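With the hints as constraints, model all of the structure from the sequences given.
4 protein chains.
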Amino acid sequence: MKGLILKINCPDQHGIVAKVASYVADYAGNLVEFSQFTDDQNGKFFARVEIDTTDLSVDVDDFVKGFETLGKSLQAAWHFRHQPYKMRTAVLVTKTDHCLNEILWRTKLGEMPIEITSIIGNRDTCKSIADNAGIPFHHVDMDGEKKAEGFQKIRDLLLDQKVELTVLARFMQILPDWFCQEFGGKIINIHHSFLPAFIGANPYRQAYERGVKLIGATCHYVTSDLDAGPIIEQEVQRVQHFHSPQDLIRLGRDCERNAIARGIRYHVNDRTIIHKNRAIVFPD
Amino acid sequence: MKGLILKINCPDQHGIVAKVASYVADYAGNLVEFSQFTDDQNGKFFARVEIDTTDLSVDVDDFVKGFETLGKSLQAAWHFRHQPYKMRTAVLVTKTDHCLNEILWRTKLGEMPIEITSIIGNRDTCKSIADNAGIPFHHVDMDGEKKAEGFQKIRDLLLDQKVELTVLARFMQILPDWFCQEFGGKIINIHHSFLPAFIGANPYRQAYERGVKLIGATCHYVTSDLDAGPIIEQEVQRVQHFHSPQDLIRLGRDCERNAIARGIRYHVNDRTIIHKNRAIVFPD
Amino acid sequence: MKGLILKINCPDQHGIVAKVASYVADYAGNLVEFSQFTDDQNGKFFARVEIDTTDLSVDVDDFVKGFETLGKSLQAAWHFRHQPYKMRTAVLVTKTDHCLNEILWRTKLGEMPIEITSIIGNRDTCKSIADNAGIPFHHVDMDGEKKAEGFQKIRDLLLDQKVELTVLARFMQILPDWFCQEFGGKIINIHHSFLPAFIGANPYRQAYERGVKLIGATCHYVTSDLDAGPIIEQEVQRVQHFHSPQDLIRLGRDCERNAIARGIRYHVNDRTIIHKNRAIVFPD
Amino acid sequence: MKGLILKINCPDQHGIVAKVASYVADYAGNLVEFSQFTDDQNGKFFARVEIDTTDLSVDVDDFVKGFETLGKSLQAAWHFRHQPYKMRTAVLVTKTDHCLNEILWRTKLGEMPIEITSIIGNRDTCKSIADNAGIPFHHVDMDGEKKAEGFQKIRDLLLDQKVELTVLARFMQILPDWFCQEFGGKIINIHHSFLPAFIGANPYRQAYERGVKLIGATCHYVTSDLDAGPIIEQEVQRVQHFHSPQDLIRLGRDCERNAIARGIRYHVNDRTIIHKNRAIVFPD
Chain Z
181 MKGLILKINC PDQHGIVAKV ASYVADYAGN LVEFSQFTDD QNGKFFARVE
231 IDTTDLSVDV DDFVKGFETL GKSLQAAWHF RHQPYKMRTA VLVTKTDHCL
281 NEILWRTKLG EMPIEITSII GNRDTCKSIA DNAGIPFHHV DMDGEKKAEG
331 FQKIRDLLLD QKVELTVLAR FMQILPDWFC QEFGGKIINI HHSFLPAFIG
381 ANPYRQAYER GVKLIGATCH YVTSDLDAGP IIEQEVQRVQ HFHSPQDLIR
431 LGRDCERNAI ARGIRYHVND RTIIHKNRAI VFPD
Chain L
181 MKGLILKINC PDQHGIVAKV ASYVADYAGN LVEFSQFTDD QNGKFFARVE
231 IDTTDLSVDV DDFVKGFETL GKSLQAAWHF RHQPYKMRTA VLVTKTDHCL
281 NEILWRTKLG EMPIEITSII GNRDTCKSIA DNAGIPFHHV DMDGEKKAEG
331 FQKIRDLLLD QKVELTVLAR FMQILPDWFC QEFGGKIINI HHSFLPAFIG
381 ANPYRQAYER GVKLIGATCH YVTSDLDAGP IIEQEVQRVQ HFHSPQDLIR
431 LGRDCERNAI ARGIRYHVND RTIIHKNRAI VFPD
Chain H
181 MKGLILKINC PDQHGIVAKV ASYVADYAGN LVEFSQFTDD QNGKFFARVE
231 IDTTDLSVDV DDFVKGFETL GKSLQAAWHF RHQPYKMRTA VLVTKTDHCL
281 NEILWRTKLG EMPIEITSII GNRDTCKSIA DNAGIPFHHV DMDGEKKAEG
331 FQKIRDLLLD QKVELTVLAR FMQILPDWFC QEFGGKIINI HHSFLPAFIG
381 ANPYRQAYER GVKLIGATCH YVTSDLDAGP IIEQEVQRVQ HFHSPQDLIR
431 LGRDCERNAI ARGIRYHVND RTIIHKNRAI VFPD
Chain G
181 MKGLILKINC PDQHGIVAKV ASYVADYAGN LVEFSQFTDD QNGKFFARVE
231 IDTTDLSVDV DDFVKGFETL GKSLQAAWHF RHQPYKMRTA VLVTKTDHCL
281 NEILWRTKLG EMPIEITSII GNRDTCKSIA DNAGIPFHHV DMDGEKKAEG
331 FQKIRDLLLD QKVELTVLAR FMQILPDWFC QEFGGKIINI HHSFLPAFIG
381 ANPYRQAYER GVKLIGATCH YVTSDLDAGP IIEQEVQRVQ HFHSPQDLIR
431 LGRDCERNAI ARGIRYHVND RTIIHKNRAI VFPD
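Residue numbers (the working numbering), protein chains in the order written: chain Z, 181 to 464; chain L, 181 to 464; chain H, 181 to 464; chain G, 181 to 464.
These are calculated hints, taken from the structure and not from any lab test.
Wrong hints could be hidden among the right ones.
Given that identical chains are not distinguished, each listed pair holds provided it fits within a single copy or across any two copies.
[What the hints assert, rightly or not] Below, computed lysine-lysine pairings styled on DSSO-like, alpha-carbon distance capped at 27 Å:
| hint | residue 1 | residue 2 |
| --- | --- | --- |
| 1 | K182 | K224 |
| 2 | K288 | K307 |
| 3 | K182 | K199 |
Note that the structure is predicted; figures quoted are calculated from it, not measured.
Structure below.
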């Protein structure tokens, strides 16, 4: 489809849908999908609008530009994305490769409109996977004192390659504050527990010790506050007393793969809007 | 909330959302929820619109009436429902009472805006439950030759009591064609299998024989074609080889209760639109 | 079935199954179900054995007594329960009645072999439900300074009525240490979150604030450590951004009802064995 | 672990567990896992026994051989498998590669103890995947009149390579009767629907037309009767009205991958026993 996706949020008020939809209709745009959410508790309006621009009566860029007047009058924050679009994405890894493989596989199948600019690892374990996939691999040493410098290098890579989304695919490093802030809303992590349970290290071991009957994984935006960013997607799976911590790791992998895949898909299709510490998600 | 729910469907065309939303905004209605679906394969547009009418600049009835011009111009079928609303509902039962109990319980809790006009049974097993709940119980004999007459009696009861929705809560009788047609789109059934698997009698026994690893229940609109009407909701549950047919009945009850409760809730909140043999459902 | 259920745990060693099964076979008992778990990490063996005693060659009491020699030689802790059996159960409530209703309903259907000795409430909201069900209701005032005395009264009731299982069916009071210890392993609670997430008060509000995409409920044994006892069963349900805290309460009820029902069923059928802070559960 | 897995089934009778467990104990074998199921309806006993043979007092082969006397006396069918073991497995494909990829990936991770002898395709689409994985690929032409000859070639390949398990990983060919019979109980298929719903071609299209709210996949043993063999595992996923047939294919892939992976794992770990048209599965 040749088109546009509009994400918008603004203070709640009468007539928003009418105004936005009329703007689209006035220039012969076709609303393909209109998803909306009114947050009564915070007096906020959120929407995602998918527009087929095939029959548009004006130039697409003029259409986008002209929206400014309406947007401002609504005191809105908004964003247009031209379709089709492939988001430039970097994947950060350590040793574990199941999330990376899942991302590569779904990308190849066309499930996720991303272009993987590079795979960056603080170990070189995943290099062969990157090579096979024909994607540049960058090994960045982050051990001990090299950590601070390592994050600078990653930053430079992301900027050089005009990366729009950074995915932490089981990247076992805590991000420094400045990094989280510089790329705010553009870093997605998979945490291997059903957050907010089992924050921090070794969540499957924690889950085993606690004797839970369901384990899970959480895909979330990264903020300076460890494992506490807005949640995009969660997945769970039943476990029993006979499952060892190793079994939980095995079973949890399926949760992680599904949660991260859906999380990325929602993000790159502009199906998420972050508001405070929550993510509004219009699933497909 | 004082308000209106509008359900509408029409041939797909540019500007529908704009026109509908503008109509609401023009008279100072507030769109609380706007759910829309465009069926590309059939060129049809469907929407459910929840309108807060507190600040409406005209009389609500005039607002509803005035919509006619727009509706006709869109070649639409549409329906307004005043809120709050309690749908007049009859529950048909035989012996089994778990679905009936679930409906009574959720109604009492305020989960389902219905007014139960009567409980009708071809056995009187559930009479005491009806009595306890203070709801009239009608025993209609349907054995053998009395079946045809029985359905006439039920029809008369439904018409007399101005029933808007008839729920078959494990009512073990096959409805005659004329009945299905007279109350088309206004009868909801719970079938104790994951349709279209195991149509007809003894679905749990069938499921046991087939050795399935998941059992289910299906809540659907009733049509003349047995167990083949539009599906509103389905629910499943894992089973294992050691579960006997009796265990499946026990476990299946939980599926049935949840599926019928959600199905009714969606219907009475006008969250369903029937199109051909499918039900569009905007869940909450 | 006329029979026995044997629960046993002992240090892991060769030949336990052979010895236990041979003891049963030697006296013509028939093993109907044999469930076993070896905990490698702790060097412990656990089993649940269901024995049909119809053809037993000795008196059942002699059979039970005679096991002592074997049990001691295995350094085991064990327990026999005669079947059929109805466990004497007290249900503690405050205002909320959905868990209570679920327990009553499933008991009536024969899903849970319990005899409800009494319903005890620190409010009298649930009295009418108890009356309808023909079960004694005891109102125990626990407000302010009466709390300590209240727990004494409850203790006396439980002892007087020879209660074997106490179910906290949304009983909104924190139990004193001495109470937890006196009835250790015999109190089951339902917590309205997916523990260990959202310990303490208002878990649905906490879940809403955190923006989780799945909510849950946890059925667990009560220990002195609040919400930290061995978990018997957990249940989850998907939620979305548009669900308010009230919606979470509504949706969570279904999790709570299912989790508590299964938890009680497992306990009264001797399908649980507590070991340290985990519950071994052999589900049916 | 150095050990044995024993699968056994026989007419139900007193003392089976005692006899089998005593045989193991008599020769200092250690029961690591003992799973048992008594089918009352058919008067049959089934068990899977995992034995650590580290401390065995006799030679393992003698232990296995000596069991014959007991086995015969129980009128049992039984099978011992030495551990660790890698089952020689052939994967049959057409064009679709997601199930193949899943199998390769989980094998590499150590989740499935198989040795893939070859990948056989009636198209050569998956050749590059086989090449990358270092596994021989055989293209067998099965179009039109070459079909009969094609199955002969596959048979020869399976026999030459001493294949013990054949996995149909979205192999779009109906197997001839003689083939199903020759390899009875040794062919596993993944069907892309929740069987027995939507047997035959295009199940996702069928599911779309029927308007189901859950789609699924079924992993089953292949018999001469199309899509009707014993079910090992099933997986489902929620769908909504807005999901097109293409969306169902996308979402269904996740069901297929999980169901086939678990199905194979259960089979190769001897966790399945086929009885009539049902599969007894002791999951891990």
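So, going through the hints one by one against the coordinates:
no.: 1; hint: K182 <-> K224; result: between (30 Å within a copy, 21 Å between copies)
no.: 2; hint: K288 <-> K307; result: both (18 Å within a copy, 16 Å between copies)
no.: 3; hint: K182 <-> K199; result: both (23 Å within a copy, 24 Å between copies)
When held up to the earlier numbered hints, the structure conflicts with none and fits them all.
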